[in-house]
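Sequence order for the protein chains is A and B.
In terms of our numbering, the first sequence opens at residue 1 and continues consecutively.
In terms of our numbering, the second sequence opens at residue 226 and continues consecutively.
Please keep in mind that the hints were generated in silico from the structure rather than gathered at the bench.
Here the structure is a predicted model, which is why all the values come from computation and not from measurement.
Please note: incorrect hints may appear among the correct ones.
[As the list claims (entries may be wrong)] With a Cα cut of at most 30 Å, we get these calculated DSS-like pairs of lysine-lysine: (1) A:Lys209 x B:Lys394; (2) A:Lys87 x B:Lys385; (3) A:Lys209 x B:Lys385; (4) A:Lys80 x B:Lys385; (5) B:Lys337 x A:Lys209; (6) B:Lys394 x A:Lys94; (7) B:Lys259 x A:Lys209; (8) A:Lys209 x B:Lys257; (9) A:Lys209 x A:Lys94; (10) B:Lys597 x A:Lys209.
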Amino acid sequence: MSDLLLPTQIDLLHVSAVILLIATFGIVVRRGFSDWLHAYRYQTIILAGIVALIGFITSIWELYIVSALTLGIKAIIIPKVLFYVTKKLDSPIKLEMNPYVSLRISVIASALLVAMSYFMALQLPISSDETISVFLPVSFSLFFIGLFIIISRRKALSQIVGLLTIENGLFLFAVVVTHGFSLIIEIGLMADILVGVIVSSILLFRMSKTFDSIDIENLESLRDD
Amino acid sequence: MFTNLFSSVESVLVVSLLLTPVVSGLLITLLKRKRIIETTTIISSSLILIQGLFLLPYILEKKTISIFDGTFYLDSLSAIMIITISLVGFLASLYSVNYMGRQYDKLIVDGKKLVRYYQGFNMFLFTMLLVPVSNNLGIMWIAIEATTLVSVLLIMLYTKQGSIEASWKYLLIATVGLSLALFGIIFFYYANSVYDNSFDSTHGMDWTNMVENAHYFDPNLVKFAFIFILVGFGTKAGLAPMHTWLPDAHSEAPSPISALLSGVLLNCAFYGLLRFHIISSHSIGPEFSNTLLIILGIISLGIAAASIYFQKDVKRMLAFSSIEHMGLISVSVGFGIFLGIYGALLHVINHAVVKSLLFFSSGSISQKYQTKSIADTSGIIKTMPVTGFMFLIGGLAIIGMPPFNIFMSEFLMLSSGFSSENFLASALVILFLVVIFASFGKHLLHMVFGNPKSEMKKEDLGKLSMLPMIILVSIIFIMGIYVPEPLQTLIEDATKIILVGGINS
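All chains, please: the whole structure from these sequences, using the hints.
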């Protein structure tokens, strides 16, 4: 398949991969709750574009549906739910004031994670199809950066955004490697993510009601000592 | 499609098995009255049990059932899971009526939360039943992820600080873990699609298809993928060191849900792991995955032993004991010989039965004593004679005392360790089991026979909550003496399914 690609198509692949990474860094470098959600939305819109692009290159029509679903559920509905949640939260400060890892170091760490992902992708015994070699490291980067966001931040909302970033990385990986498994699984995955976001929003509400904040420092009482 | 739906009895059974909890969940949403939703749940869970038992002879006779063009696929391994889920589910629904009823009387939950509880209970059963019947590994993953989401809602039911903390940790860790598992599944799918050029994406993810083609998979890719799967499903199955969510979640959930989480849900995740263990054994031989399973299992046993020794909270102690038993099952599957795998599968059932009994009785006990602390709970046999007796039986069974069922399976597993010449692993297992025996036994004796701290009325709580416990105690005694004939054949068949991978047939 790779030898059939036009140079412009390859350029498009590279450019879209870079934009996707930039959008992901948008989550890492910002403090505000709504900034994260905006960055997540951009990330997802680009992801949907990439899926459609791969659909065009491989001429698998199912990928267009998957792309549309991504756009509908992950770029429109999920940010809407989370925007609603942030608006309703009791705490007046909707910023990540002092994360465990400062933003400056976060950026450097994320850059290192991206480098690591490129290194990892080279080690994998997976064929060097053009789309795969472009997007495999990017999907790993999304996964690791999402993980990093989860462990380096104090606010529960940023952990949800981290999870969603992981999910996007996973999704990109799945589409690139398999060119879409059957549609029914994709729909099931989307439903799972949607329900997951709703469940975590409920938890977020409960948390802010019970602890008066969504700081995860409150969540350290259960332990064996 | 719908013409095959009613072509055979077993396809009808499988479909109605899955539909029963969904329908009952919908009914509960509509009806909302306390008595009615309780009865609906009991009826639905007993129907599930009956349907599960009716499926059994078909599976024993035909070995495999494949319906809807292979969307659902049941073999003896799935049957073991279905029997376990439906049995514990039925007993937990019986116990729920009394337990949640008392929480309702004490104003800990209101009518709205009770409706949510029973909805969640039914959906939880549905998602767990979907795991063993689906052939498509993607759908199996979706079902396992769905069990997380439903059980998070059940764990946070009381909305206390502790339960919110527990459910948040559980949601995060389990979701991240399972996303790793999905990476692994996609790797396996990729390995399959590279081999099979005439590839149609609907069946490429089927377990049956993968096992057939497994021999041609790229060995490096399989190793890589299996590690992802092991970490992913291992997180959900409570294998150390990915177990950190488990003690919190299992101790903060309402007791009937704790029983389902410990007794059944862990096994569902382990079932997923087993399916990939089989594929990987077919592909690169069993040594690789066996070694990994043994290592993770030993770590789990070690961590559980240390934590049980220092434990102060009854339900956390039981949760760590679940980690111990999942570790034991994993080690014993890893030994890779017939005896060990047979013992492990028997242990899946035995552990589910005993752990449910312990969670049920400790639920009643902590309701009476109003505490979960081990130190403050003493002299149960004097204040609640019947419950105390059953807690004692459950406790003695779980640490592996001879006349009870766990002793049987633990004996099988250990002797398989020696006959497969894994001496170091077996020695470590024995060491940790002895530590757990001593420390769990000490806590148990203190709780059952100590002197009650304050004057308490000598009274057992709730007649209806006794019924499931009595059923469980009798199962413990019976399974301690002999394993019924059909069950024996079932486990033997399932063992062969896992073991065939070893011979690369």
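Against the structure, the hints:
For the given pair, A:Lys209 sits about 18 Å from B:Lys394 by alpha-carbon distance, which is consistent with the 30 Å threshold. Distance check on the hinted pair: A:Lys87 and B:Lys385 sit about 23 Å apart at the alpha-carbon level, within 30 Å; holds. With a C-alpha separation of about 11 Å, the suggested pair A:Lys209 and B:Lys385 falls inside the 30 Å cut-off, and the hint holds. Our distance criterion of 30 Å between C-alpha atoms is met by A:Lys80 and B:Lys385, whose separation comes to about 28 Å.
The suggested pairing of B:Lys337 with A:Lys209 holds, with an alpha-carbon distance near 18 Å, which does not exceed 30 Å. Proximity of B:Lys394 to A:Lys94 is assessed by CA-CA distance (about 22 Å); at most 30 Å being required, the pair is judged to hold. Our distance criterion of 30 Å between C-alpha atoms is met by B:Lys259 and A:Lys209, whose separation comes to about 27 Å. At most 30 Å may separate the alpha-carbon atoms for a hinted pair to count; A:Lys209 and B:Lys257 meet this at roughly 26 Å.
Between A:Lys209 and A:Lys94 the alpha-carbon distance is near 15 Å, which keeps this suggested pair within the 30 Å criterion. At most 30 Å may separate the alpha-carbon atoms for a hinted pair to count; B:Lys597 and A:Lys209 meet this at roughly 25 Å.
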